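Build the full structure now, drawing on both the sequences and the hints.
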Amino acid sequence: MRVGVFICHCGSNIAGTIDVAKVAEETKKLPGVVYSTTYMYTCSEPGQEEIQKAIKTENLDRVVVAACSPRMHELTFRRTVAKAGLNRYFFEQANIREHISWIGTDKELNTNKAIEAVRMAVEKVKLNKPLFSSSFKINKRVLVIGGGVAGMQAALDCADGGLEVLLVEKSPSVGGMMSRLDKTFPTIDCSICILGPKMVDVAQHEKIKLYAYSEIDEIKGYVGNYQVKIRKKATYVDWNKCTGCGACMEKCPSKNSYDHFNFGIAPTRAINIPFPQAIPKKAKIDPEYCRQFTKGKCGVCAKICPTKAIDYEMQDEIVTEDVGAIIVATGYSLIDMEKLPEYGGGRYPDVISGIQYERLLNASGPTSGHIVRPSDNAEPKTVVFVACAGSRDKSIGIPYCSNFCCMYIAKQAILTKDHIPDSQSYVFYMDIRSPGKGYDEFTRRAQEEYGVKYIRGRVSRIYPKGNKMVVRGADTLLGTQVEVEADLVVLGTAVISNADAGHMAEKLHISYDTFGFYVEGHPKLRPVETNTSGVFLAGACQGPKDIPASVGQGSAAASKVQALFSKDMLESDPAVAKVNINACVGCLKCVGTCPFQAIKEKELRDGRIVADVIETVCAGCGVCTSTCPCGAIQLQHFTDNQILAEVNAICLK
Amino acid sequence: MAEREYAYFSGCSLEGTASEYDASVRAVLKELNVRFREPDDWSCCGSTPAHTVDHVFAAALAARNLRLIEKIGLDTVIAPCPACMTAFKKAQHSMTESEIFKNKVNELLDEPYNCGVESKSALQVLFEDVGLDAIAERVTHALPGLKVAPYYGCILNRPPEIAKFDDPENPISMDKVLMAAGVEVTNFAFKLECCGAAFGVAKREMVNQLTYKVLSMALDSGANCIAVACPLCQQNLDLRQEQVNKTMGSNLNIPILYFTQILGLVYGLPPREIGIDKLVVSADDIVYSRITVEEMRKRAELEAQAKAKKPEKKIAKEEVKTEENE
Numbered sequence: 001m002r003v004g005v006f007i008c009h010c011g012s013n014i015a016g017t018i019d020v021a022k023v024a025e026e027t028k029k030l031p032g033v034v035y036s037t038t039y040m041y042t043c044s045e046p047g048q049e050e051i052q053k054a055i056k057t058e059n060l061d062r063v064v065v066a067a068c069s070p071r072m073h074e075l076t077f078r079r080t081v082a083k084a085g086l087n088r089y090f091f092e093q094a095n096i097r098e099h100i101s102w103i104g105t106d107k108e109l110n111t112n113k114a115i116e117a118v119r120m121a122v123e124k125v126k127l128n129k130p131l132f133s134s135s136f137k138i139n140k141r142v143l144v145i146g147g148g149v150a151g152m153q154a155a156l157d158c159a160d161g162g163l164e165v166l167l168v169e170k171s172p173s174v175g176g177m178m179s180r181l182d183k184t185f186p187t188i189d190c191s192i193c194i195l196g197p198k199m200v201d202v203a204q205h206e207k208i209k210l211y212a213y214s215e216i217d218e219i220k221g222y223v224g225n226y227q228v229k230i231r232k233k234a235t236y237v238d239w240n241k242c243t244g245c246g247a248c249m250e251k252c253p254s255k256n257s258y259d260h261f262n263f264g265i266a267p268t269r270a271i272n273i274p275f276p277q278a279i280p281k282k283a284k285i286d287p288e289y290c291r292q293f294t295k296g297k298c299g300v301c302a303k304i305c306p307t308k309a310i311d312y313e314m315q316d317e318i319v320t321e322d323v324g325a326i327i328v329a330t331g332y333s334l335i336d337m338e339k340l341p342e343y344g345g346g347r348y349p350d351v352i353s354g355i356q357y358e359r360l361l362n363a364s365g366p367t368s369g370h371i372v373r374p375s376d377n378a379e380p381k382t383v384v385f386v387a388c389a390g391s392r393d394k395s396i397g398i399p400y401c402s403n404f405c406c407m408y409i410a411k412q413a414i415l416t417k418d419h420i421p422d423s424q425s426y427v428f429y430m431d432i433r434s435p436g437k438g439y440d441e442f443t444r445r446a447q448e449e450y451g452v453k454y455i456r457g458r459v460s461r462i463y464p465k466g467n468k469m470v471v472r473g474a475d476t477l478l479g480t481q482v483e484v485e486a487d488l489v490v491l492g493t494a495v496i497s498n499a500d501a502g503h504m505a506e507k508l509h510i511s512y513d514t515f516g517f518y519v520e521g522h523p524k525l526r527p528v529e530t531n532t533s534g535v536f537l538a539g540a541c542q543g544p545k546d547i548p549a550s551v552g553q554g555s556a557a558a559s560k561v562q563a564l565f566s567k568d569m570l571e572s573d574p575a576v577a578k579v580n581i582n583a584c585v586g587c588l589k590c591v592g593t594c595p596f597q598a599i600k601e602k603e604l605r606d607g608r609i610v611a612d613v614i615e616t617v618c619a620g621c622g623v624c625t626s627t628c629p630c631g632a633i634q635l636q637h638f639t640d641n642q643i644l645a646e647v648n649a650i651c652l653k
Numbered sequence: 001m002a003e004r005e006y007a008y009f010s011g012c013s014l015e016g017t018a019s020e021y022d023a024s025v026r027a028v029l030k031e032l033n034v035r036f037r038e039p040d041d042w043s044c045c046g047s048t049p050a051h052t053v054d055h056v057f058a059a060a061l062a063a064r065n066l067r068l069i070e071k072i073g074l075d076t077v078i079a080p081c082p083a084c085m086t087a088f089k090k091a092q093h094s095m096t097e098s099e100i101f102k103n104k105v106n107e108l109l110d111e112p113y114n115c116g117v118e119s120k121s122a123l124q125v126l127f128e129d130v131g132l133d134a135i136a137e138r139v140t141h142a143l144p145g146l147k148v149a150p151y152y153g154c155i156l157n158r159p160p161e162i163a164k165f166d167d168p169e170n171p172i173s174m175d176k177v178l179m180a181a182g183v184e185v186t187n188f189a190f191k192l193e194c195c196g197a198a199f200g201v202a203k204r205e206m207v208n209q210l211t212y213k214v215l216s217m218a219l220d221s222g223a224n225c226i227a228v229a230c231p232l233c234q235q236n237l238d239l240r241q242e243q244v245n246k247t248m249g250s251n252l253n254i255p256i257l258y259f260t261q262i263l264g265l266v267y268g269l270p271p272r273e274i275g276i277d278k279l280v281v282s283a284d285d286i287v288y289s290r291i292t293v294e295e296m297r298k299r300a301e302l303e304a305q306a307k308a309k310k311p312e313k314k315i316a317k318e319e320v321k322t323e324e325n326e
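Top line first, the protein sequences correspond to chains D and P.
Under the working numbering, the first residue of the first sequence is numbered 1, with each subsequent residue one higher.
Under the working numbering, the first residue of the second sequence is numbered 1, with each subsequent residue one higher.
Careful: at least some of the hints might be erroneous.
Below, computed lysine to aspartate or glutamate pairings styled on EDC-like, alpha-carbon distance capped at 20 Å [unchecked claim]: (1) 394(D) to 167(P); (2) 339(D) to 167(P); (3) 176(P) to 338(D); (4) 468(D) to 220(P).
It is worth saying that the hints were derived from the structure and are not from the lab.
Keep in mind it's a predicted model, so treat the numbers as computed, not measured.
Okay, structure coming up:
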């Protein structure tokens, strides 16, 4: 066995706190190592050529690179050794950057630790076996979860590229948050006017199959071959018959149903079409408010419906679909105002959230675009906006910035002046975050042209006084306390992840952060990929973002899917679990423990039952190997022997 | 409740300026069958003067008292004064969080404190341990016409990680306790506003302004009485009300009762026993308005009869309305 070791300086990243020359020198003494050297940037082209040259001249059959994390460059170096004629699994990477040089400051200790890390890698690489990928066919249909602007963009781009798309939307209409907005910043474009055509395209595109008012129940399979169970929730209205005429909604006697589309700013009927531009424009019943369900009698809508579409007996329906890739675009939620008791949202009717105000501004909203106070329907003359209502507040567990509140507050303040010329708006802010194109000019316009008074400081309390709301806060520029008597207070409530974001992530086998936002493959370089191949992200489910960023990610995710689908066959990762049938006793503990359902039982010709791994489904997590009582199931490339060799390398001196 | 026994720590205020708080808390606890014992030889709780100088010293003063309670075999102390309660909760919190801090404190004590005593305000004990049902059950009298603004002050429920009681920004426990006792409470927005605290000595005018805000907001909320749970709040609102009137040119005359005094009244206790006579702004009108629950019921019946005589048409109309608005 002839092992070659290459120690990377990584500029001063590694060489700054590790004596790389000493590591190379010590490594040379290890049994099996015939060549050891250092290089400034091993991942660079000349660096890689150096490795290939050494493989030839020194006749190496195993290679160890001590450099950064394998997450960074394992693939790079595997390709390097493969080009020089070695099996790509005859390579090991010792992480001496993230694990050592970046975290320790003592050069001597770091150097010793690096030597140990290299020794481990050398001992392991000596036991590595050549592994070969097999290829498998892929299903070129794509599932898009979420019909907001990001999901719709992704669906349309995929469909325009000729792919078959399934678009699953939880609510009765596509459009998402954007369909609730009145205007968009910084152009003051009418939101539904620019979104409406996209919604229609989604509905009419022959390549897109829309599942509205549906949710994902279960996802099985792997990249290229997913089986998805979609739950079509009962609408109690036969959508094949419903024409969206709205007669049922007009006559429904239950008038105090919570309006999810309008965020409860005004009530709706128990049978409703969420908004005039809804796609599909179909009615559905909310059983928790419908008298037929709560009291057992009513039936007004069934009587009134001209097409006899009402069906109180309707049940949820489960549909199974096969797809090859998934784009997750499930969007975001907003913090409940009652989590901010000092502001009194929820207790005082005239303290509302930004999205509720958006509905008041909107011509198709409950007030037909007239701004009125919820308490007495009077036109407010003084409106106070509170930015960072919940955002950047560690005490309630939201340390992050919600990204777009500064901008929509400026927009709403401008629109307030447009709607009510003799009104005065105030904005309490921490600092104005407007880094987008044309954004800063926009907030300046709000202040300079529309006379919006910006007060730098936080609001400590909002309380009623007569029919006004007193907003008390600090003006940190003047260094004084201020009180503004407002007719209406609008809270720029914090963006949070959906309540079921964690569940969805578990169904998809993708990671999510402390706040429930999905984690991208790499924060800089893989912004729409996840660490699960075949699953991509778009929009605010990955973190708060505005419309242009969401649309951009939607398109990016679509192009990633198209790149994936440009091949007819995919190569599987051979580092998967493998059963030694001679050692397997057929207890099948591994079958139950596998999180990916990748292990099946198999009957051998002699009638013996053993476990069998479906190579393409196995994700190589290794749970089964630690479950197996007789060590019969081994994860290739991470076998017990290989791991023990590493352990021995650091324990035995 | 009978099986459980609490320790009771009155503290310096309740021995002096707030003796009516002490009397009323003891009387109400007795009415509700809450058993309690006082530790002998208790000393300063370690509040303001100490903790502004030295945290370890302040905690040691608190821990000395807690140790006395631990020693007589009790695990929960009722500290009606929020300053005492906070000093105790703070010491308990710091000593359980950090072994180093605990050792520093115990070094100052003759006998080390083992952190075995939980501290609660009288309000917390009534709300969490006694319970609203038991509070309601004992009511014998009503106070018709009384509208109370519940005033919590700043530290009864804050900071949340130390107080561990009620909501830090919108507390409701006192509202609920008073409502359970059949007392009408108003929607009072200044539940937590600053009363001026001890600045009455150094900056009298500022305190007068702050107190004025609280008092006038209570009036605006429709209240004719304020319920408090802190000797300092009581003093600033009650004793200084005359001063406030002079400074602010107002004409306020709103009685400031400890919430336990109000409970005492609806439990039918003699006003003197719960120190109503100690108040500066007279609460005599409230005492005179007191009637038995029985009388109250009769009054309500009469009112209902008077209502029933109104034309039936209107009632029919109202029914339709409720149906619509459902």
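Evaluated hints:
no., hint, result
1, 394(D) to 167(P), "17 Å, holds"
2, 339(D) to 167(P), "10 Å, holds"
3, 176(P) to 338(D), "19 Å, holds"
4, 468(D) to 220(P), "12 Å, holds"
The structure fails none of the hints (numbered hints given earlier).
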